[in-house]
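With these hints in hand, go ahead and build the complete structure from the sequences.
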Amino acid sequence: MDISLGVNGHLEHLDAEPGVTLLDALRERLGITGPKKGCDRGQCGACTVHVDGKPVLSCLTLAAIVRAPVTTVEGLSDGDDLHPVQQAFADQDALQCGFCTPGQIMSAVTAVESGVDDVREFMSGNICRCSAYPNIVRAVEQARSADATV
Amino acid sequence: MRPFELTAPTTVDDALDASGTVLAGGTTLVDLMKLDVLTPQRVLDINDLPLRGIDTRDGLRIGALERMADLAAHPGVYPVISRALLLSASQQLRTMASIGGNLMQRTRCTWFRDVNSPCNRREPGSGCPAVTGPNRMHAVLGTSEHCVATHASDVAVALVALDAEVRLTGPDGARSVPLAEFYRTPGDTPHREHDIRPGELITEVVVPRLDWAANSTYVKVRDRQSYEFALCSAAVALDVRDGVVADARVAAGGVGTVPWRLRSVEAALRGAPADEESFAAAAALATEGAAPLADNAFKLTLLPRTIVRALLDVTEGSR
Numbered sequence: 001m002d003i004s005l006g007v008n009g010h011l012e013h014l015d016a017e018p019g020v021t022l023l024d025a026l027r028e029r030l031g032i033t034g035p036k037k038g039c040d041r042g043q044c045g046a047c048t049v050h051v052d053g054k055p056v057l058s059c060l061t062l063a064a065i066v067r068a069p070v071t072t073v074e075g076l077s078d079g080d081d082l083h084p085v086q087q088a089f090a091d092q093d094a095l096q097c098g099f100c101t102p103g104q105i106m107s108a109v110t111a112v113e114s115g116v117d118d119v120r121e122f123m124s125g126n127i128c129r130c131s132a133y134p135n136i137v138r139a140v141e142q143a144r145s146a147d148a149t150v
Numbered sequence: 001m002r003p004f005e006l007t008a009p010t011t012v013d014d015a016l017d018a019s020g021t022v023l024a025g026g027t028t029l030v031d032l033m034k035l036d037v038l039t040p041q042r043v044l045d046i047n048d049l050p051l052r053g054i055d056t057r058d059g060l061r062i063g064a065l066e067r068m069a070d071l072a073a074h075p076g077v078y079p080v081i082s083r084a085l086l087l088s089a090s091q092q093l094r095t096m097a098s099i100g101g102n103l104m105q106r107t108r109c110t111w112f113r114d115v116n117s118p119c120n121r122r123e124p125g126s127g128c129p130a131v132t133g134p135n136r137m138h139a140v141l142g143t144s145e146h147c148v149a150t151h152a153s154d155v156a157v158a159l160v161a162l163d164a165e166v167r168l169t170g171p172d173g174a175r176s177v178p179l180a181e182f183y184r185t186p187g188d189t190p191h192r193e194h195d196i197r198p199g200e201l202i203t204e205v206v207v208p209r210l211d212w213a214a215n216s217t218y219v220k221v222r223d224r225q226s227y228e229f230a231l232c233s234a235a236v237a238l239d240v241r242d243g244v245v246a247d248a249r250v251a252a253g254g255v256g257t258v259p260w261r262l263r264s265v266e267a268a269l270r271g272a273p274a275d276e277e278s279f280a281a282a283a284a285l286a287t288e289g290a291a292p293l294a295d296n297a298f299k300l301t302l303l304p305r306t307i308v309r310a311l312l313d314v315t316e317g318s319r
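Residue numbers (the numbering used here), protein chains in the order written: chain S, 1 to 150; chain G, 1 to 319.
What the hints contain is simulated information worked out from the structure, not anything from laboratory work. The structure displayed is predicted, hence computed values, not measured ones. By construction, the Cβ of each residue, glycine as well, lies at the ideal position given by its N, Cα and C atoms. Just so you know, not all the hints are guaranteed correct.
Claimed, not checked - Taking lysine-lysine and the DSS-like style, the derived pairs with C-alpha atoms no more than 27 Å apart in a straight line are:
id : chain 1 : residue 1 : chain 2 : residue 2
1  : S       : K37       : S       : K54
2  : G       : K34       : S       : K54
3  : G       : K34       : S       : K37
Claimed, not checked - Label pairs and their computed distance ranges (CB to CB):
id : chain 1 : residue 1 : chain 2 : residue 2 : range
4  : S       : D81       : G       : D14       : 46 to 52 Å
5  : G       : A18       : S       : D81       : 46 to 52 Å
6  : S       : G9        : G       : A18       : 32 to 38 Å
7  : G       : D172      : S       : E28       : 43 to 49 Å
8  : S       : E28       : G       : R52       : 29 to 35 Å
Given below as structure tokens:
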């Protein structure tokens, strides 16, 4: 079937089976490999992207049911200028192997934008096998305080 | 995933005319299709149907397509509902999953999810490995020799406590079913999980007005602090006047094959002093008729304690 997706400001068209997930459409068809395939079962959060500005698991989202614009980690930076949350992850060394980081950052952007009270609770759907959690929490807090001073 | 046909009706009438397995957020269906547990040939993407809206003017009316996160964040929702939602799953899943889909989610029983295992719920008559174990996460209430799987929803426990009704529409018209009756205990037919007829669609969830449910909460006990299913949970609402319980609602999750309303506990609370001693005496009735399995007898101790904790939480500040 014909599927149209707005991804990071570009309108993309693809012909795919109805069962193709948003994650596979992004990675295998559009070459957008920021979202990672960890568990592919909606349990690890590595595939987190924004649809209509909200974090969703792209591995459990069929590409064909997506109506609203999609943003992946690739869509956050402005050229070489990192998004404040990306910069905070770099500053706080909030990763080890980095595999979960694109998903962590997409959830963290929402944590900062929506001003959540409990960062650890909000970020619990993003598993980090290296257990970089203390620095991930620091990165969110850095980005949040930077956001407050804007 | 096996090939299937996908259509996206834009009206409820069109959706009723087109038969198929209903897809909203996809957090259950896509997961189980990947596992081959569900293999529909036709899938209906209902996300264009006009089944949205949260109306708090007289009780609560929730469009079936409202997402868990949006309902949890709505200021007019009873605390027990928003607490149950916020303690469910992860923020990504709450953003995706609809209320109708949450109520229709399937059990997380390991054997149900593994097509290489027997499971009476998935394949009637094939057997139930959970009865002999391991069965630490399984139910102690409402079980049968054919199935001991728990119902996984948190918000359904809160809704059952508040006498919520499910509104359905189908080929024979619209009807309402109390949520507590919508769910079936497994008995001899564990594969028949709901009172839903072929071609029917959940359109709305209706919660009757209950002003004192402003004093309500949901306590969930888990193996880890977040992003985990309940070992035991308690949804309670309490009407305390002059230190005495005038009325109470109590339901439990993580322990039953369906969301488990505890009317005997409610009856014992009515007229009792709002203190820990009478809460414990009432909560002790929660395990009446419970049938522990090899690995989950701890739930008989944990459930009354969870209920007492929830009752104490809502008693602070209301005395």
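Results for each hint:
{"no.": "1", "hint": "S:K37 - S:K54", "verdict": "holds, 19 Å"}
{"no.": "2", "hint": "G:K34 - S:K54", "verdict": "holds, 24 Å"}
{"no.": "3", "hint": "G:K34 - S:K37", "verdict": "holds, 14 Å"}
{"no.": "4", "hint": "S:D81 - G:D14: 46 to 52 Å", "verdict": "holds, 47 Å"}
{"no.": "5", "hint": "G:A18 - S:D81: 46 to 52 Å", "verdict": "holds, 48 Å"}
{"no.": "6", "hint": "S:G9 - G:A18: 32 to 38 Å", "verdict": "holds, 34 Å"}
{"no.": "7", "hint": "G:D172 - S:E28: 43 to 49 Å", "verdict": "holds, 44 Å"}
{"no.": "8", "hint": "S:E28 - G:R52: 29 to 35 Å", "verdict": "holds, 33 Å"}
Comparing the model with each numbered hint stated earlier shows that all of them hold.
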